[in-house]
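Enquirer: Each chain, letter by letter, is given below.
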Amino acid sequence: MSGPNPSNCSAGGVQLLPVAAAAKAREPINVLIVGVGGQGVIMVSKALASLAQSKGFEVKQSEVHGMAKRGGTVFSHVRFGPQVWSPTIPKGEADILVALEWAEGLRWLPFLKPDSGIFICDTKRIVPPFACLDRHPGALLRYSRETPAEVKAHVVEGYAIDATRIAEELGNVRAANVVLIGALSMSLDFSAEDWEQALSEFVPKKTIAVNLEAFRLGRRWVERARTAPPDAQPAETPAPAYRPYKVRLEITPEWCKSCDICVKLCPERCLRLNAERTVELTDAAKCTGCRLCEWLCPDFAIRVHLDAAEAPGVVAAAEGIRP
Amino acid sequence: MHTVLQTQEQADEQAQDTRPLTGNEAIARGAWEAGVRVAAAYPGTPSTEILESLARYPVEHLYAEWSTNEKVALDVAIGASFAGSRALASMKHVGLNVAADAFMSQAYIGVNGGLVLAVCDDPGLHSSQNEQDTRIYGQFATVLVLEPSDAQEALDLTRLAFDLSEQFDTMVIVRGTTRLSHTRSRVTVGERTEHLSRGFVENPAKNVMIPAHARPRHFVVLDREARLKQYLETAPINRWETGGTSFGVVTAGTCYPYVREVLPNASVLKLGASWPLPEGLLRRYCESVDRVFVVEELEPVIEKELRALGIKAEGKEFFPRTGEFSPEIVRAGFEKAGAIEPRAGRVSWAPEPLARPPVLCAGCPHTSSFMAVRASGARVAGDIGCYTLACLDPLRGIDTMVSMGSSIGNAIGMAMAGDTKPVMATIGDSTFLHGGIPALIDAVYNQANITVLLLDNGITAMTGGQDHPGTGKTLRGKEAPRSIMKRWCAPSE
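Quick note, the sequences are listed as chains G and A, same order. Mapping of the first sequence onto our numbering: residues -17 to 305, in sequence order. Mapping of the second sequence onto our numbering: residues 440 to 932, in sequence order.
Any given hint could be a false lead.
[Unchecked claim] Residues of chain G clear of chain A, computed beta-carbon distances all greater than 12 Å:
1. 151
2. 174
3. 202
4. 207
5. 258
6. 269
[Stated by the list, open to error] Okay, the calculated beta carbon distance ranges per label pair:
7. 153(G) - 916(A): 31 to 37 Å
8. 895(A) - 289(G): 37 to 43 Å
9. 781(A) - 135(G): 27 to 33 Å
10. 925(A) - 236(G): 26 to 32 Å
11. 681(A) - 210(G): 52 to 58 Å
12. 920(A) - 266(G): 49 to 55 Å
13. 173(G) - 916(A): 39 to 45 Å
14. 182(G) - 925(A): 47 to 53 Å
15. 916(A) - 289(G): 40 to 46 Å
Simulated from the structure, these hints should not be mistaken for lab results. Ideal placement from N, C-alpha and C gives every residue a C-beta, glycine not left out.
Please model the complete structure; the sequences and the hints are all you need to start from.
Expert: So, in structure tokens, the structure goes:
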């Protein structure tokens, strides 16, 4: 496995067709799958591991959980080939890095093979609450600032996909990881049919149809990115940190029990309890959309939406970017 | 991409029952195949899934329980062994500290039914408060320590551990690490062999550890160690893999695949048992090569033993004594030692990583509790659980954390020492039942001026949501008498 070659996908038999650079025949293929707890990193790695194993490869899949549930970094190493020793991928040896979250993708870039690694990343960003502490209007958001263009300039082959939006449009945001599986499948030599069969075993029965559609959209996305001439490539989402947006707080007053947690912990001090002892936003211009209130509310009474802004620049201050 | 044609070997393998298992699932499978009849544990990352997996086997085959703590779990397993059944207790490395009292005495007693202790270490502290090395406990108690290097060995060695336990009249430790526990690979499984209970054997001189009985037992233990060493001289679990003679590597457990990744053709002595160590085999191996390296995570257990034999072994000079190993670390060690040529660095672009510390789950009730704690201005002794995260922003609620159940005892000490602030202890429901109760009794008995906050979220949350006596459900999901927290905290008469 090295460069992508979609035409080489086998038609579902056991024998896999070789692609370019098969010289390293005895070396395993290394796929690193990363994201944030709850995004479905383990599901992606299990589907890949199961498929590779069904094709007769030796497979090792290694993950770390424990703190994973609490919004921390989650990663899973999948290695397969005729023989696999270490369960973890050495730094600089990953053939493919699949990231379900933008900053997590950047974190693991040093693991990618510098001369041939493929980077597949959702542009979705999950901003940790800690990135927002001690902020003041106009302060920089402590979130990765590299743009897809910058990243693509540093990797041999890179795809920054707005997989979460694609999944949302399909009506199931949880299928974002399967959009990425679709993209991943374009760089590995297993047939689409085999992938679809493996996926059907790993997603909840009720969601098979939507997940298979997500898989196909992921494949199509990469296909288009590869075949379209450079100037006609699909517009890629810029790094979300640079994209101006408007913050919209969705408050469900019936669920608010006036506990005051959000008011006390809001770094911008822009929330208060109103006459009905229900939380409300006092100063929309100060709210940075850091999500700390959403994260810490014991009753799920607040949701933070980051809507695209019509005119760039207008909300740049709220976003925390200096022009 | 590889062209893969199925070999005859692979076809044969597929005819056998093979399945992808994690190290923990494989340990459970090995115990089940060995005919284990009683299994007990307290949850603790990375060991938790061993008992969860065992609880999925038929209830007619084995009894499996979540115990209130690791000492209870080991005592339950020891009891089952007394009764003549094969038994297993599992725990994380620090859990063995809790069980250590029973553990050290049991080493003198030996077994009736085979007794296996699966202990999972956490080099690199993925989710622990220290990175102690369980092999030293094996040395301490003079019991056999087996160290699987992958899921297949986890199954095979656990199965073997029960046989060796009965053959040598000793408890056997199967030592894993986080990497073994949570790596999934293909395992060929077998069938269960039933071992019916041998029945209780009345023998107070062996089973009742009063000084008069324990004194002669110590000689038995030392003799057992000698017999184990003799067995390990030729046991197939220690593999001598020949290679070049300029240097050789002695290694065990999850370090072995890293060594093989870096040195596919080197001479390696791969130990299946990391305690005790067979002197003859070690001497012969070390004489076959010019230089000897020991690659072992954490403490230099094997290295020190080689040096005690007068062998000039090299190890911790090149391979760190802290943290989890990786192929990179092992490669760097061999490069530094001059055993292999330095490889040109493969440096990829590395943007500055974003800090993403774990936080309490959305909607977690502990958030409200720690808001109140913070507002109180008290000195707060914390405990082990998700709520330990309250030491960080934005909650900043606790000042100390030592070990399971320590909060209440620590608070008593702080108050008695005259801390200028009011003193508070915060402890979760599962941790309270595990280790907090004796300290709470102590606080009442000694009239300590402290406030204990019992943060009852009705589950063992940190390890992924296991039941405990306060949830009213057992490991297998059966209804059980519920330990009511309020009753524990009722004022004494």
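Enquirer: Work down the list of hints and note, for each, if the structure agrees.
Expert: Each hint tested on the structure:
In this structure residue 151(G) is separated from chain A by more than 12 Å, as the shortest Cβ-Cβ distance comes to about 25 Å. Every CB of chain A lies more than 12 Å from the CB of residue 174(G), the least distance being 16 Å, so the non-interface label holds. Every CB of chain A is more than 12 Å from the CB of residue 202(G) (nearest about 22 Å), matching its label as outside the interface. With a least CB separation of 20 Å from chain A, residue 207(G) remains clear of the 12 Å interface cut-off, as annotated.
Its beta-carbon lying about 20 Å from the closest one in chain A, residue 258(G) satisfies the requirement of being farther than 12 Å from that chain. Look at residue 269(G): its CB is around 16 Å from the nearest CB on chain A, clear of 12 Å, so calling it non-interface holds up. Range check, residue 153(G) to residue 916(A): about 34 Å between beta-carbon atoms, so the 31 to 37 Å window is met. Against the hinted window of 37 to 43 Å, the Cβ-Cβ separation of residue 895(A) and residue 289(G) comes to about 40 Å, which satisfies the hint.
For residue 781(A) paired with residue 135(G), a C-beta distance near 29 Å keeps the hint of 27 to 33 Å intact. Taking 26 to 32 Å as the suggested C-beta distance range, the pair residue 925(A) and residue 236(G) conforms, at roughly 30 Å. For the hinted restraint 52 to 58 Å between residue 681(A) and residue 210(G), the CB-CB distance of approximately 56 Å keeps it satisfied. The hint said 49 to 55 Å for the Cβ distance between residue 920(A) and residue 266(G), and at roughly 53 Å that hint holds.
A beta carbon spacing of about 41 Å between residue 173(G) and residue 916(A) agrees with the range 39 to 45 Å that was offered as a hint. Taking 47 to 53 Å as the suggested C-beta distance range, the pair residue 182(G) and residue 925(A) conforms, at roughly 49 Å. The supplied range of 40 to 46 Å is met by residue 916(A) and residue 289(G), whose beta-carbon atoms lie about 44 Å from each other.
Consistency note: the structure conflicts with none of the earlier hints.
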